[in-house]
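A.B. asks: Listed below, chain by chain, are the residues.
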Amino acid sequence: MSGTQHNIVMQAKGLVKRYGQVTALDGADFELRAGEILAVIGDNGAGKSSLIKCLSGATVPDEGMISLDGSLIHFKSPIDARRAGIETVYQDLAVAPAMSIAENLFLGREIRRPGFAGHVLRMLDKKRMLQESIERMNDLKVGIRSMTQAVETLSGGQRQCVAVSRAAAFAQHVVIMDEPTAALGVKEGNMVLELIRRVRDKGLPVVLISHNMPHVFEIADRIHVARLGKRAAVLNPKNISMSDTVAVMTGAMKPEDIPAECLA
Amino acid sequence: MNSFKDKLPPMGTLGPLIALVLACVFFASQSDRFLSTQNFSLILAQVMVVGVIAIGQTLIILTAGIDLSCGMVMALGGIVMTKFAADYGLSTPVAMACGLLVTTAFGYLNGVLVTRIKLPPFIVTLGTLNIAFAITQLYSGSQTVTDIPAGMNWLANTFTFGGATVSYGVVMMLGLYVFTWFALRETAAGRHVYAVGNSPEATRLTGIPTEKVLLWVYVLAGLCYGLAAMLGVARTGAGDPNAGQTENLDAITAVVLGGTSLFGGRGVVLGTLVGALIVGVFRNGLTLMGVSSVYQILVTGILVILAVATDQLSRKGAR
Chain A
995 MSGTQHNIVM QAKGLVKRYG QVTALDGADF ELRAGEILAV IGDNGAGKSS
1045 LIKCLSGATV PDEGMISLDG SLIHFKSPID ARRAGIETVY QDLAVAPAMS
1095 IAENLFLGRE IRRPGFAGHV LRMLDKKRML QESIERMNDL KVGIRSMTQA
1145 VETLSGGQRQ CVAVSRAAAF AQHVVIMDEP TAALGVKEGN MVLELIRRVR
1195 DKGLPVVLIS HNMPHVFEIA DRIHVARLGK RAAVLNPKNI SMSDTVAVMT
1245 GAMKPEDIPA ECLA
Chain B
242 MNSFKDKLPP MGTLGPLIAL VLACVFFASQ SDRFLSTQNF SLILAQVMVV
292 GVIAIGQTLI ILTAGIDLSC GMVMALGGIV MTKFAADYGL STPVAMACGL
342 LVTTAFGYLN GVLVTRIKLP PFIVTLGTLN IAFAITQLYS GSQTVTDIPA
392 GMNWLANTFT FGGATVSYGV VMMLGLYVFT WFALRETAAG RHVYAVGNSP
442 EATRLTGIPT EKVLLWVYVL AGLCYGLAAM LGVARTGAGD PNAGQTENLD
492 AITAVVLGGT SLFGGRGVVL GTLVGALIVG VFRNGLTLMG VSSVYQILVT
542 GILVILAVAT DQLSRKGAR
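Line by line, the protein sequences are chains A and B. Per the numbering used here, the very first residue in the first sequence carries number 995; after that it's consecutive. Per the numbering used here, the very first residue in the second sequence carries number 242; after that it's consecutive.
By construction, these hints were calculated from the structure, which means they are not laboratory data. For every residue, glycine included, the Cβ atom is placed at its ideal position computed from N, Cα and C. One should not assume that every hint holds.
Calculated cross-link-like contacts (lysine to any residue; reagent style SDA-like; alpha-carbon spacing at most 20 Å) [to be verified]: (1) A/Lys1120 to B/Arg426; (2) B/Lys453 to A/Gly1102; (3) A/Lys1070 to B/Gly448.
With the C-beta cut set under 8 Å, the calculated list includes, among others, these residues of chain B facing chain A [claimed, not checked]: (4) Glu427; (5) Ala429; (6) Arg432; (7) Tyr435; (8) Ala436; (9) Asn439; (10) Ser440; (11) Ala443; (12) Thr444; (13) Leu446; (14) Thr447; (15) Gly448; (16) Ile449; (17) Gly506; (18) Arg507.
Based on the provided sequences and hints, a complete structural model is requested.
C.D. replies: See below:
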């Protein structure tokens, strides 16, 4: 990043999404910059999850455009988004409990052996997947000793670390995290936050959806506030207080009343 | 923190083997005819039909489903094979292929109802159980088909191996077990079967087409029932419209005794072979002891409940 010119990785303009009578998104904008953690917050019904679903391919917006690295994209499914290099981490549905960590990391992206064993017998290259799992987890400093142990033997925080590591390992452009710490205790939550920071430091921008204000303020570089299906403001957590942020979120503070140094 | 525990094989795979050995020891102490190569050959021959049905059943139970129609679909396959040969004079391979086609089609029907219309497997297969049974009775007129070509008995032919007489059918069963074990363990498709049973939602989110996996599982299970029908026809030398009635539940029993969890996603197909052998050993041993068949059914019932209870309790322990 140089000067005030930021590299924009992902952008959305004027997104509209209606479900019958309900307008979930009413012309929402979105901007994700290179190498940042962008928190997305908002009350229930503010359009937060609809926005994220549009970005991750889970829903198709009725109107508006989304671009990734400057080119327009039209995701029809989460698989399209993944092919484009966007990985999503979900709150708690992310892993197959009885399968090993290595298997979970490579689930749906298995590597086959070279030659006859791989092409004709379709045998998996378990050794290589195990090796790569170890490398990737070491890379992110996730302190889990054995990659062959079943995910269900891990704590909730460790499981979420597996999910985050998987996303970080395979995402080319963006990692989206939907409430990754919601189901976790304090210590476990901090472990995941630490990991999210390392993902960013590796150069991957992160979109973090969270209800947990202390977590958002601890980790976010910028805060996108969703309200009434629009983007109310983008705040700088270094210059605004938590209570003012909540005021923007609930509408108690109008976007035009926010001091300029608090915007980002 | 418990690296020693990690290295131990889970009870799910070791338990059934211990149970099988204990059963053998018990029956050997009760009847001196039990421990003979001849008797073991007999047990294998008795187990082969249930054993092959149970392979298909294992695949389905691994996806957290169940197939109540397995034995009846097999019976229908057997009737189709024998009647097509007897009534239309089709050659043995063609008639057998027709039987395989019918059972596979039933598997496909089960799979479509489960994946497309999202009906619970229990209900779907309860329905197809009755449908397959009715078609079998109607088509055969409840008559056993006896005038079948000699070629259909080929799988019952035996050869001597280390003093034991082994039929080609038993070899086929063992081959199918090794093949399925390999595919489930070493290929991506096999791992996806486990993943679907483990957590369908998480699997879908990784981009695996979970419904396609499920559909294939039901289709392959149908194929297994057809192969079992070939073995059943060869063993009895006839198309029996009342076949499959004990095999239906015995196959589920074998899977559960073999340590595969009814909740899906956990289990090893070789365990099912052990489970089928446990059922076979109990039937054989109790017969040698002169216990009436009603008590054998009673014992099988108790065994299933014990196996499921063990599964349930060990799950609780794991969490």
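A.B. asks: Would you pick out the hints that fail for this structure and give their numbers low to high?
C.D. replies: Per hint list: zero violations.
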